[in-house]
Amino acid sequence: NAGVMQNPRHLVRRRGQEARLRCSPMKGHSHVYWYRQLPEEGLKFMVYLQKENIIDESGMPKERFSAEFPKEGPSILRIQQVVRGDSAAYFCASSPPPPESCSFGPGTRLTVL
Amino acid sequence: ELKVEQNPLFLSMQEGKNYTIYCNYSTTSDRLYWYRQDPGKSLESLFVLLSNGAVKQEGRLMASLDTKARLSTLHITAAVHDLSATYFCAVGTGNQFYFGTGTSLTVIP
Numbered sequence: 001n002a003g004v005m006q007n008p009r010h011l012v013r014r015r016g017q018e019a020r021l022r023c024s025p026m027k028g029h030s031h032v033y034w035y036r037q038l039p040e041e042g043l044k045f046m047v048y049l050q051k052e053n054i055i056d057e058s059g060m061p062k063e064r065f066s067a068e069f070p071k072e073g074p075s076i077l078r079i080q081q082v083v084r085g086d087s088a089a090y091f092c093a094s095s096p097p098p099p100e101s102c103s104f105g106p107g108t109r110l111t112v113l
Numbered sequence: 001e002l003k004v005e006q007n008p009l010f011l012s013m014q015e016g017k018n019y020t021i022y023c024n025y026s027t028t029s030d031r032l033y034w035y036r037q038d039p040g041k042s043l044e045s046l047f048v049l050l051s052n053g054a055v056k057q058e059g060r061l062m063a064s065l066d067t068k069a070r071l072s073t074l075h076i077t078a079a080v081h082d083l084s085a086t087y088f089c090a091v092g093t094g095n096q097f098y099f100g101t102g103t104s105l106t107v108i109p
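Heads up: the protein sequence lines correspond to chains B and S, in order.
Here this note's numbering is used: the first sequence runs in plain steps of one and ends on residue 113.
Here this note's numbering is used: the second sequence runs in plain steps of one and ends on residue 109.
Here chain S stands alone, though its shape is the one from the complex (with noise of 0.2 Å):
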């Protein structure tokens, strides 16, 4: 069974800090997706890697993908308030989905 570990679970940080959060799995894939969800909310779809080396942006988040390192990284640059939430990566194999157990961030003044 393909297993997704990120850490860390709990991420408090300070307004204005940088961080990562990392997100190992067991298994080879080239198919690694960020997922966001807001408390009591859905998921929303962030980032789709697709290849190693694969980098994305979108405002002050960035995801990277490490094929042959089996490692994605979800960074976080000069963290906002409103980045608190959970955040999940997936990794794509056949057609199924395997999702990390989440990492709760929370930006604090």
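For reference, chain B alone in the conformation it holds in the complex (with noise of 0.2 Å):
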């Protein structure tokens, strides 16, 4: 059973361009989080979501950051315009529903120039 998978692992992107990170869930599990992960800092919540549905996304700036969970295909977390300021790790998890714990994929480390 292949994990949490995220691609690309590494995106250096200039500013103004999009970011696009993608992120499979485990098989089996229906709920998707994205995290932002800054240097030697914890890690923030950004959304959560299922099979097409935004479940919560009060973590996410109001500006230029969107993401999707469609029926078929990865997750999506889109971020517009990018800044300096973006340049973060992104961590996707997935679970089933609960009590199970999160399992994390391994990260896109986005760098802004």
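Read the hints as simulated data drawn from the structure, not as lab findings.
Here the structure is a predicted model, which means the values were calculated and not measured.
Using N, Cα and C, we set each Cβ at its ideal position, and we do this for glycine too.
Among these hints, one or two may not hold up.
List of simulated lysine to aspartate or glutamate pairs, EDC-like, C-alpha gap at most 16 Å [what the hints assert, rightly or not]:
| no. | chain 1 | residue 1 | chain 2 | residue 2 |
| --- | --- | --- | --- | --- |
| 1 | S | K41 | B | E40 |
| 2 | B | K44 | S | E58 |
| 3 | B | K44 | B | D86 |
From the derived model, a few chain S residues whose C-beta atoms are all more than 12 Å from chain B [unchecked claim]:
| no. | residue |
| --- | --- |
| 4 | V4 |
| 5 | L9 |
| 6 | V55 |
| 7 | G92 |
These two chains come separately, so use the hints to put the complex back together.
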């Protein structure tokens, strides 16, 4: 059973470009979470999705950030018009219904030049 | 908003010593998770605690949960170098996971 998969693992963008981060949850997991981690900091919750539904996006910046988890295909975190402050590691996690723990992907390290 | 606090944030300990990391949270929950993160890596699940008084042990690590006190502890026994990592607790409520700030542990010879 493959774990949570994220791609790309590293992404470099120039200011103003778009970044698209992909996450394929573990087989059988219907819940997907996105977290952001800045260097030397903890995990900041961004958004929680189930198939075709955004359940909680309270951690998402109001502008430039969006997320989706379509019926088919991976979950996508999209950052438009990136700025240097968007540079971070973005982790996706998936879980079955609680109380199981969530499993994390390897992360996408975004660098904005 | 549920708050999860860990202390200490940074811990430097000698090999062979014992220490405890604390995780306090602000609202009722009976699900508590511990994760380990090595530098530049992802998070690895260590323990899942699902009831008051739950205790789990794996090697030199032991985790416990007191839901009445809203407190979980991660106890390290006779630390060794390869335990150096950042440890996160996370509180589960509904379908959500709320993470603490992490404790960066360095074990020195």
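Against the structure, the hints come out as follows:
no.: 1; hint: K41/S x E40/B; result: holds, 13 Å
no.: 2; hint: K44/B x E58/S; result: violated, 27 Å
no.: 3; hint: K44/B x D86/B; result: holds, 13 Å
no.: 4; hint: V4; result: violated, 9 Å
no.: 5; hint: L9; result: violated, 9 Å
no.: 6; hint: V55; result: holds, 17 Å
no.: 7; hint: G92; result: violated, 6 Å
Hints 2, 4, 5 and 7, counting from the list given before, are not met by this structure.
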